[in-house]
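Listed below, chain by chain, are the residues.
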Amino acid sequence: MGEKGFKVMTQNSIQSNESGGYLTSRLNDMIGWARKYSIFQYPFVTACCGMEYMSTACSHYDVDRFGAGLPRFSPRQSDVLFVVGTISHKMAPVLKQIYDQMADPKWVVAFGVCTCTGGFYDNYATVQGIDTVIPVDVYIPGCPPRPENVLDGLMKLQEKIQGQKQEV
Amino acid sequence: MGNLHIQLKERFPDAVLETHAHKGDETALVKRESLLAIAQLLKTDPLFDMNVLMDLAGVDGLDLKWKPRFQVVYHFYSLALNHRLRLKVAVEEKDAVVPTLTGLWPSANWFEREVWDMFGIRFEGHPDPRRILMYEQFQGHALRKDYPWNKRQPLIQAKAVTSDQ
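So the sequence lines, in the order shown, correspond to chains A and B. Okay, so the first sequence: first residue is 571 according to our numbering, each after it adds one. Okay, so the second sequence: first residue is 48 according to our numbering, each after it adds one.
Treat the hints as calculated values from the structure; they're not laboratory data. Some clues are possibly wrong.
[Said to hold, decoys possible] Below are the DSSO-like pairs computed for lysine-lysine, each with C-alpha atoms no more than 30 Å apart in a straight line:
1. A:Lys660 / A:Lys735
2. B:Lys135 / B:Lys78
3. B:Lys56 / B:Lys78
4. A:Lys660 / B:Lys198
5. B:Lys198 / A:Lys666
6. A:Lys666 / A:Lys735
7. B:Lys141 / A:Lys660
8. B:Lys198 / B:Lys114
9. A:Lys660 / B:Lys192
10. B:Lys114 / B:Lys56
11. A:Lys676 / A:Lys660
12. B:Lys70 / B:Lys141
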């Protein structure tokens, strides 16, 4: 897990002299490394995918191993918006508002096919993919996705966070 | 049990247009003008004693070439006597109005809002005649058979696709 983060650390040189050791790194990589292992998520759970989210979050799969173990139930305290479950057109303005309330830097994960494309709800009531409403960083397909799949998506998000330019 | 529709026909010979019974499921098609009076009787008469309105639904008979096009179906149940009766009211498309039953059964409130939302049948005298499932700006009524199943009318306009996302 987190090869890139470890690489960042191992690539950096650990210097030592008689008075003690110190570490050199690039600020961008360091901030990325810190951010990707301290993801505070906001679970926007509307449907059955929520069960799979809970399974991922609890001890069997233990999302805390990836530094994402603390769901915040206020968008103002969270970094990653997990959109878990079908979004209807009636719900879409609420989702938009939650997204707008989050402070930068922020990321969005579309959890399950309903959030990715609308899934099999090809009808008058359902938003055909939340990326028509808010920007999305990682899509996790599946109906619902298995926890392994979710963790894979989370690691992809971590790679993305590590690799991007860090706005401070 | 089993003769509620006959009793109803005897009480309202003119207003009950058709009756039907099959294995204990009894149905009466009634005139819209008499719906309130019949509902009042169903609720208060000890013979019927229908203290529960279990469900209320709209039906669009467009594909079946119904005349008139719509029906509103009421499902009544008596807890004390353990019997059921369905009432059906035919509704014209041009004059899609039915008197509300919210004064007799409060459970009619949301059911009637749903039928209004999905079929566009208005309930005269309803205390809160808003849509219940769709948003207020929604155009049309989604469960009408002539509403295109794949029609989209998003509440939020799709955002422009940008290169950095």
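Need the list of violated hint numbers for this structure, in ascending order.
1 and 12
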